[in-house]
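There are 2 protein chains.
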Amino acid sequence: MSAALIDGKQIAEQINTENAAEVARLKRDRGLTPGLAVILVGDNPASAAYVASKDKMCARLGMHSEKIALPSATAQAGLLAMIDRLNQQENIHGILVQSPTPKQISEEAVFAAIAPSKDVDGFHPLNVGKVALGDPSGFVPCTPAGVQELLARSGVAVEGAHVVVLGRSRIVGRPVSLILSQKARNANATVTVAHSRSKGLAEICRSADILIAAIGVARFVKPEMVREGAVVIDVGINRVEDPTAPKGYRLVGDVDFDAVKEKAGLLTPVPGGVGPMTIAMLMRNTIRAATMRCGLA
Amino acid sequence: MSAALIDGKQIAEQINTENAAEVARLKRDRGLTPGLAVILVGDNPASAAYVASKDKMCARLGMHSEKIALPSATAQAGLLAMIDRLNQQENIHGILVQSPTPKQISEEAVFAAIAPSKDVDGFHPLNVGKVALGDPSGFVPCTPAGVQELLARSGVAVEGAHVVVLGRSRIVGRPVSLILSQKARNANATVTVAHSRSKGLAEICRSADILIAAIGVARFVKPEMVREGAVVIDVGINRVEDPTAPKGYRLVGDVDFDAVKEKAGLLTPVPGGVGPMTIAMLMRNTIRAATMRCGLA
Numbered sequence: 048m049s050a051a052l053i054d055g056k057q058i059a060e061q062i063n064t065e066n067a068a069e070v071a072r073l074k075r076d077r078g079l080t081p082g083l084a085v086i087l088v089g090d091n092p093a094s095a096a097y098v099a100s101k102d103k104m105c106a107r108l109g110m111h112s113e114k115i116a117l118p119s120a121t122a123q124a125g126l127l128a129m130i131d132r133l134n135q136q137e138n139i140h141g142i143l144v145q146s147p148t149p150k151q152i153s154e155e156a157v158f159a160a161i162a163p164s165k166d167v168d169g170f171h172p173l174n175v176g177k178v179a180l181g182d183p184s185g186f187v188p189c190t191p192a193g194v195q196e197l198l199a200r201s202g203v204a205v206e207g208a209h210v211v212v213l214g215r216s217r218i219v220g221r222p223v224s225l226i227l228s229q230k231a232r233n234a235n236a237t238v239t240v241a242h243s244r245s246k247g248l249a250e251i252c253r254s255a256d257i258l259i260a261a262i263g264v265a266r267f268v269k270p271e272m273v274r275e276g277a278v279v280i281d282v283g284i285n286r287v288e289d290p291t292a293p294k295g296y297r298l299v300g301d302v303d304f305d306a307v308k309e310k311a312g313l314l315t316p317v318p319g320g321v322g323p324m325t326i327a328m329l330m331r332n333t334i335r336a337a338t339m340r341c342g343l344a
Numbered sequence: 048m049s050a051a052l053i054d055g056k057q058i059a060e061q062i063n064t065e066n067a068a069e070v071a072r073l074k075r076d077r078g079l080t081p082g083l084a085v086i087l088v089g090d091n092p093a094s095a096a097y098v099a100s101k102d103k104m105c106a107r108l109g110m111h112s113e114k115i116a117l118p119s120a121t122a123q124a125g126l127l128a129m130i131d132r133l134n135q136q137e138n139i140h141g142i143l144v145q146s147p148t149p150k151q152i153s154e155e156a157v158f159a160a161i162a163p164s165k166d167v168d169g170f171h172p173l174n175v176g177k178v179a180l181g182d183p184s185g186f187v188p189c190t191p192a193g194v195q196e197l198l199a200r201s202g203v204a205v206e207g208a209h210v211v212v213l214g215r216s217r218i219v220g221r222p223v224s225l226i227l228s229q230k231a232r233n234a235n236a237t238v239t240v241a242h243s244r245s246k247g248l249a250e251i252c253r254s255a256d257i258l259i260a261a262i263g264v265a266r267f268v269k270p271e272m273v274r275e276g277a278v279v280i281d282v283g284i285n286r287v288e289d290p291t292a293p294k295g296y297r298l299v300g301d302v303d304f305d306a307v308k309e310k311a312g313l314l315t316p317v318p319g320g321v322g323p324m325t326i327a328m329l330m331r332n333t334i335r336a337a338t339m340r341c342g343l344a
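Just so you know, the protein sequences line up as chains A and B, in that order.
The first sequence begins at 48 in the numbering used here and counts up one residue at a time.
The second sequence begins at 48 in the numbering used here and counts up one residue at a time.
Chain A with its partners taken away, still in its complex shape (with noise of 0.2 Å):
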C-alpha cells in the first residue's frame, strides 16, 4: 500500500483565492486595503526569498504591503521604534518580523513588541494565551492553523483521535498540539505533545491516528514509528546535501518521505504540503487583522 498524498499546494491555492475574492470585497464595500508590514534584519538569503514571496502574495491578493529590510548591525532599540512606528500606522493592520533576528535582538522583545491587534504571527504572550483559552480574539500562527485547515479540507477527522505532535517549539509544535485540542471545530482532538525527551518514543507515535512531525531533524520519523494507515503531516523544512541537485542540496521533512509513505495512510509530501499553506493562513490572518481594526470582525 502507499499513502495517498495531500497537496498542500493546491489547497493552499484555494485559500488565497478565497482570500483575493474577501480583499476585493472589503476594498469595494468597505474602502478597506488591508496592509501588511514585513521586517527583514540582514541578509540571510533564505529569509530575503521568505519575505519577498510574502511581499509578492501580498500583491497578488490586492494587498498593501511594505518590506523593511535593516541592516544586520541594527540595534535592537532601532527595530523596536520602527515597530512601535508600524503599530500606529494606520494603513499597517499586521506586523511580521522575520525569523531568525541577528544574536544582538532578542526574538522575545520583539514578539512583545508588536501590537498585539497586529501580531499576525501569533507570538505575542497575549495571543499565545488567548489561542491557550481557546479565545477566537487571538492569532493563531500560521504554519499550525494552516496544519488544521489542511486536515480540515483534506477531510480527515480530528474529534476523538489521537493526535501526537513531536515537538514544543513555540512556532509550530506548541500552538498546534492547542488548538487540536480545544473544544471546537476541526479540533477536539486527544493530544500527546512529544519530544527529544520523550521515553519510549516510537511507541507513542505508533499509538497516533494522527502524527504531526515537527522536531527539526531530518528524515527522523520513521515506519516503526507510524501505524499502518495513519495520517502524517510533515512540517519540517531541513536542507540535506545532495551533489545531484543543482543547488547542492535538498529539501527533505522530519519525515523519511520514501519509507513512510509505504506504511502512512495520508501522507503530506516536503515541499508542497504544509509549506504553501503558511502563507496562505498569515495573508488570511492579516486580513482578519484588518476587519478586526475596523470593527467588521
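Read the hints as simulated data drawn from the structure, not as lab findings.
Treat the hints with care, as some may be off.
Since the list can't tell identical chains apart, any single copy or any two copies may satisfy a pair.
[Claimed, not checked] DSBU-like cross-link-like pairs, simulated, lysine-lysine; straight-line CA separation at most 30 Å:
| hint | residue 1 | residue 2 |
| --- | --- | --- |
| 1 | Lys150 | Lys230 |
| 2 | Lys246 | Lys269 |
| 3 | Lys246 | Lys74 |
| 4 | Lys269 | Lys56 |
| 5 | Lys246 | Lys310 |
| 6 | Lys103 | Lys294 |
| 7 | Lys246 | Lys114 |
| 8 | Lys246 | Lys230 |
Knowing the structure of chain A, use the given hints to seat chain B on it.
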C-alpha cells in the same frame, strides 16, 4: 497491593513553613509585607469558606490581607472599578476574585482586568501565554503549580514519563499539561490531554505513568483506566450525597479511590491531597508578586 498515599496536607505544611520564613525575611530585610486582596461577590457558602481560609492563611504567614465582600447583585462595572483601585494600591501585591461569580459578571472580563503583575491566580491571558511559552515571569495557576510541587516532593520522576491529563479546563487541565511538558526542572514529560470526547479513553489512561484526573466527575477514574503501579493525582472535589455523613454529603475526587488504590502505586486522597497545595501555592505566588514588584526577583 495497596497504593502508598501522597500526604498533601503535610507537603503543603512544609511549603507554608517556607512561605512564613520568606515573609519574615522580607519584612526584616526589606521592610516589605506581601499583601493579598480577595474579592467575594455574593454569598455562596463554599466560596465564603474558601475566602475565609485564604484570609486566615495570610494572617498565619504574617502577610497583609484584605477581604472584600460585594453583594450578589454587584454590576460588572462596579467590580471592575474595584479591581482597578486594587491594581493601583501599593500594599496589595496579589488580587483574586473568588470563582464562580454571579451570572451578570463575565469571568473573562474579570481575569483580563486584573493587572498581570498582580494576577496571582494566573488566569490573565498574558500569564497563560507566558506559562505556555515557559517564560518564568508568568504566574502559574495555583492548583497546577501544586500538582507539580506534589510530584516533585514525593520523588516522582516526571522527566520523560508519560503524563495523561484528564480534562482541559483553564484552571487545571490546560495549565498543568503546559507546565509538565516544558523543558524545565520537574517537567519534561510527554503529556497527553484527554477529555470527554476522547475515543479509547480507558486505553489512553492506561498508557500513563502519571495520571492526573481533573475532569470534574465524581469517581470517574476506575481501576481499568489505571496501569498497575501508576501514580494517580486526583484534582477533583465533588459533593456526593451521603445520609450517614454529618452534613448529608461527602467530598470525593474524580478517582474511585477505594478501587483504584488496589492498583495504583502512589495516589492522592481527597480531601488531603491536592487541595491543601492550592492555598500554599497562592501564598507563594503572592510573595513572588511582592518581590517582583519591588525588583527583588
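Evaluated hints:
Within a single copy, Lys150 and Lys230 get their C-alpha atoms only as close as 39 Å, which misses the 30 Å cut-off; across copies the closest is 22 Å, which meets it. Taking the shortest Cα distances, Lys246 and Lys269 sit within 30 Å of each other both inside one copy (16 Å) and across copies (25 Å). In this homomeric assembly, Lys246 and Lys74 never come within 30 Å of each other (Cα to Cα): the closest approach is 53 Å inside a single copy and 45 Å across copies. When the C-alpha separation of Lys269 and Lys56 is checked against a cutoff of 30 Å, the pair qualifies only within one copy, where the shortest distance is 24 Å, while the shortest distance between copies is 47 Å.
Taking the closest pair of Cα atoms, Lys246 and Lys310 come within 30 Å of each other both inside a single copy (23 Å) and across two copies (23 Å). Taking CA atoms no more than 30 Å apart as the test, Lys103 paired with Lys294 passes inside one copy only; the shortest distance there is 23 Å, against 70 Å between copies. For a Cα distance limit of 30 Å, the shortest separation of Lys246 from Lys114 qualifies neither inside one copy, at 45 Å, nor across copies, at 47 Å. For the identical chains of this complex, Lys246 and Lys230 are neighbours both inside a copy (29 Å) and across copies (14 Å), given an alpha-carbon limit of 30 Å.
Checked against the numbered hints given earlier, this structure breaks hints 3 and 7; the rest are met.
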